[in-house]
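Visitor: For reference, the chains in residue letters:
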Amino acid sequence: MLSHLVIGQALYFGDSLFYIVTFLLLMWIIKIFAWGPVTKMMQDRADKISNDIDSAEQSRNDAADLVQQRQAALANSRSEAQTIVNDAKTNGQQQREQIVTAAQADVQTMKQNAQKDIEQERQDALSNARNDVADLSIEIASKIIQRELKGDDQKALIDSYIEGLGKQHES
Amino acid sequence: MNGDPVSTFQFLGLTFSTANVVSGLIVFALIVAVVFFCSRKLAMKPSKGQNFLEWLIDFTNGILKGSIPADDVGKFGLWGFTLFFFLFLSNELGLFIQVATRGGATIVRSPTSDPIATLTFSLMTMMVAQFAGVWKLGYKRHFTNYLKPFVFWLPISIFEEFTNFLTLGLRIFGVIFSGEMLLGVIWDLAASHGIATMVVAVPIEMAWQGFSAFLGAIQAFVFVTLSSVYISQKLEVEE
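Those protein sequence lines, which keep their order, are chains A and B.
Going by this note's numbering, the first residue of the first sequence is number 1, and it counts up by one from there.
Going by this note's numbering, the first residue of the second sequence is number 1, and it counts up by one from there.
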């Protein structure tokens, strides 16, 4: 076939032109139908993939942050709960002590009051008895002796008598 | 094949070879069909056809990336894709379909088994390389590249352009042409003595077809690779 080129009747340069035109036309058609859209799609896909990778990284970081926040919040609430329990405990302790102290003080006061009352009663009873005895003895003496006596002299006399009686009673 | 008649026709004062025009149109139509049907319904999640196209685009881009700087690959991607696809189908076409007229002139065969076709593509590569050099470096720096490493290198540089042009075109032509010629020879052998030779020759023919298909793919790949190398040489200033 090379011989045709060299010796042949006519060199078919037309083919050369034909192939160049065909090739350029083919390039144009491929560009319109396939190359343009397909490469654009490939580029879009590459962009999308890189975006996806970026956003995945982003959301991973967000999730990690969130976990940290949650953990911090959890630890915080735990310590808060601990504090609340501790406060309640100390409060309870204090109240218990206060109540006990108040009760003790009350008891003390009541005891003292009771003792005082008892003492008072005793004194009252004693002085009443003393007066009654004096009056009674005056009445008896006036009835017996039938004579007017000076109340004060008589009372001093009876007091000394009763004291003597008490001493006799104690011994 | 040398004595075979060649069917030609005249158009606009130029001589055309019928075989080249018809085969070229067949390849053209095949590529348009494949590309058209594969690029329907493009989606983010690619389907079958789109996968194939994307794989092919990645493949040819990969070839270009082998030698052309990554920033400039995008400019030559379409060219490399079309060139590879066209050459590949051209190489394979004649292995499966060969049509001849009654007079013996072939009408359909591999377009690349004709040097005029391969040298046309080779010439296109050289012109793309020249344009790329001027586009990237400007006229002055592009043409002073021929004077490097020293001024007397100029004849060798110019000669190198011609050898590149010839070797690039004739390599692919030689492989495809010889492959087809051997196919013809084996077929003649098969037909020579009836059924006996047919039984022997058909497996050989099939094996050779397979091997030629492989060679055709390799040659298309080599052509695009070397083209990108020649272009990349023009894209940088020689030291």
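By construction, these hints were calculated from the structure, which means they are not laboratory data.
The beta carbon of each residue, even a glycine, is placed where N, CA and C say it ideally should be.
Please note: incorrect hints may appear among the correct ones.
[To be verified] Covered stretches of chain B, as calculated for chain A (at least 3 residues, CB under 8 Å):
{"id": "1", "stretch": "52 to 62"}
{"id": "2", "stretch": "71 to 82"}
{"id": "3", "stretch": "196 to 202"}
[Said to hold, decoys possible] DEER-style ranges, computed between Cβ atoms:
{"id": "4", "chain 1": "A", "residue 1": "Ala63", "chain 2": "B", "residue 2": "Ile218", "range": "37 to 45 Å"}
{"id": "5", "chain 1": "B", "residue 1": "Arg171", "chain 2": "A", "residue 2": "Asp44", "range": "34 to 42 Å"}
{"id": "6", "chain 1": "B", "residue 1": "Trp55", "chain 2": "A", "residue 2": "Asn51", "range": "33 to 41 Å"}
{"id": "7", "chain 1": "A", "residue 1": "Arg70", "chain 2": "B", "residue 2": "Asp58", "range": "53 to 61 Å"}
[Said to hold, decoys possible] Facing chain B, a subset of chain A residues (Cβ under 10 Å, in silico):
{"id": "8", "residue": "Leu25"}
{"id": "9", "residue": "Val38"}
{"id": "10", "residue": "Tyr161"}
{"id": "11", "residue": "Gly164"}
Visitor: Against this structure, judge whether each hint is valid.
Guide: Structure-based check of all given hints:
no. : hint                              : in the structure
1   : 52 to 62                          : holds (count 3)
2   : 71 to 82                          : holds (count 5)
3   : 196 to 202                        : violated (count 0)
4   : Ala63/A with Ile218/B: 37 to 45 Å : 52 Å, violated
5   : Arg171/B with Asp44/A: 34 to 42 Å : 39 Å, holds
6   : Trp55/B with Asn51/A: 33 to 41 Å  : 24 Å, violated
7   : Arg70/A with Asp58/B: 53 to 61 Å  : 45 Å, violated
8   : Leu25                             : 8 Å, holds
9   : Val38                             : 5 Å, holds
10  : Tyr161                            : 133 Å, violated
11  : Gly164                            : 132 Å, violated
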